[in-house]
Amino acid sequence: MTSLYHNVISGGILIGVIYALIALGLTIIFGVMRLVNFAHGEMVVIGMYAGYALWSATGLPPWTLAPVAALLLFAMGYLLQKAIINAFIDRPQHAQFILFIALALIITGLHLLFFGPDPRPIQIAESMQSYAIGSIRLDVVRTQAALMAIGLIGLLMLFLKYSTLGASIRAAADNLIGAQVIGIRVRRVYAVTAGIGMACAGAAGALIAPLFDAQPFLATDFTLIAFIIVIVGGLGSLMGALVGGVMIGVAEALAALTVSPALKTVFSYALLVLVLLLRPNGIFGEPERS
Amino acid sequence: MRPPALSRWPALAFFAAMAAAGPLMDSFWQSLLTLVFFYAYMGLSWNLMMSAGLLSLGHALFLGVGAYATAVLIAAAGLDPWLSLAAGAFLAAMVGSALTWLGARFSVRGVHFALLTIAFAELFRVLFDNWELVGGTGGFFLKAINPETNRPLATLRGGTLFFYLAFLSATAGAYFIIGRLMASRWGYRWRGLHADEDAARALGVPALQSKVLVVAISAGLAGVGGGLFGLMQGSLFPDSVMGVRVSIDILIAPIIGGLGSLFGPIIGAFFVVPLMEFSNVLAQRIGFFGLNTLINGMLILAVITFLPDGLWPRLIALARFRSSARCSK
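Residue numbers (numbering that gives the first Met the number 0), protein chains in the order written: chain P, 0 to 289; chain S, 0 to 328.
Source of the hints: derived by calculation from the structure; they are not laboratory data. Check before you lean on any hint, since a few could be wrong.
Below 20 Å or equal to it, Euclidean Cα-Cα: the simulated DMTMM-like pairs (lysine to aspartate or glutamate) are [what the hints assert, rightly or not]:
{"hint": "1", "chain 1": "P", "residue 1": "263", "chain 2": "S", "residue 2": "131"}
{"hint": "2", "chain 1": "S", "residue 1": "142", "chain 2": "S", "residue 2": "79"}
{"hint": "3", "chain 1": "P", "residue 1": "263", "chain 2": "P", "residue 2": "220"}
{"hint": "4", "chain 1": "P", "residue 1": "263", "chain 2": "S", "residue 2": "238"}
{"hint": "5", "chain 1": "S", "residue 1": "142", "chain 2": "S", "residue 2": "131"}
{"hint": "6", "chain 1": "P", "residue 1": "160", "chain 2": "P", "residue 2": "173"}
{"hint": "7", "chain 1": "P", "residue 1": "263", "chain 2": "S", "residue 2": "128"}
Required output: the full structure, derived from the provided sequences and hints.
Written as structure tokens, this is what we have:
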């Protein structure tokens, strides 16, 4: 019985790491531009289809394709920010929300156009295999995906900490006016941030594609999961996204096992409501600056 | 923030003409315009909350609570349809008040309030998915009625003309009620909260009371819309009345038509709904799935980028009421 729990918890952690990568993209965009990307789940689905298309073209194992999907979505995010989103940075919040709703609808429409409504499964030999560590069995595809996600998260953290561009992103998130005063080119920072945010979503999408068959309507679920994680962790907090992602992954896995799979999301939403009410800036978030 | 208002008589003439035209139309136009007035009505309700600066991304919650309460009370409890509709509106208003009271009590504002509305809507949707009494994911169905012996005003169910007139009257009612409210002191308080909450509080606007009131009215109106919608459909599914997609569909018409203006949601619905129906048909004809979604998205993107105040203020401006249109910002 305990080994069942061990397996469920470790499976939850593995999925949680990928959730964390999705949430990281959402939180970094909010941290720098104060925009809530309502189309984040749609961007994850772009990554899923990118992973699917690359896998069917090359036959390479899906986890190795995540960096390619990340690059692709980085370019999309960069251009999208320059072309459309930038004009909305100083607009009222509802206008920003509506912009992302529009983008979400457009992306879903394009997905339906190119891939249709039917799920696109990735079938690989590893789907049925698992690693055994003591009494714990780890699903091969999940483990590979989680390790790749950890690698990408690590790279992103190193980039933010040690590169000049990373430092300017952190500076812009920390104090926008100060960053402008010392000569940081904020527009470029914005575009790079949007690129990174979308790259996180895209990489996570490619990693998750063999686990959830790619389908346009999965997007809303991913957006909502990402919202729950970043609110619980604190909008704009990187640490919060990582811890929140793993927490939600484990909580959903445990709720599916102990209560019922259908009700697992109730716990996430209940948690979201509680955190919004009691600690609206999240567990790791700092109080809003005015 | 004073909306460019249409004065009372032209609006009354418009609604009267639409009512008179009802029996002259064939059932295709009746059902199309029923949908137009359904979205116009829901848009008016959504826009009322927006007028107090409260962005609702979970309006389907109020629609769904009203729809389920009305249908369940009629079918399972045998209650009078009018009473059931009122009870549905009351319950929706209660849910809205509770949500807003909690949010305002814990000073949840801006983005966080919008997320709170989605969280509540999704929470209720998943609960309804798993609630056997209301049919769960399998849905809740109303018994078919015999059209020969049916008296629409007693059962609140009928043919296309009945529901056309029902949603038309609901829209007209909401239009005049909201117009009255916006001209009252509460209207000024709501606009004050929208413009600058801290400044409004400093001037003595009772923020908590004002917010709870505006959401209660907005949710109550949405509950009536949901109740009628459920009676029209005859079947209810959590996903089709409470899903995120429903909440989004509700806010498209008021945004396209003009945020914060009274006639905006109606103009928006007249523009958006036929376009959606047309692109739906076109999508099916040429087998291009997602065409309607794509058009929807492009349209919202174009309006929000190029016409941030929506179509209605622009139409007013075209009619050379330039000065009143400029006041909307």
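A quick look at each hint next to the structure:
1. P/263 <-> S/131: Status holds; Cα separation ~17 Å.
2. S/142 <-> S/79: holds (15 Å)
3. P/263 <-> P/220: holds (13 Å)
4. P/263 <-> S/238: holds (17 Å)
5. S/142 <-> S/131: holds (18 Å)
6. P/160 <-> P/173: Distance ~14 Å between residue 160 of chain P and residue 173 of chain P Cα, so the pair holds.
7. P/263 <-> S/128: At roughly 12 Å apart (the allowed maximum being 20 Å), residue 128 of chain S and residue 263 of chain P satisfy the hint.
The structure fails none of the hints (numbered hints given earlier).
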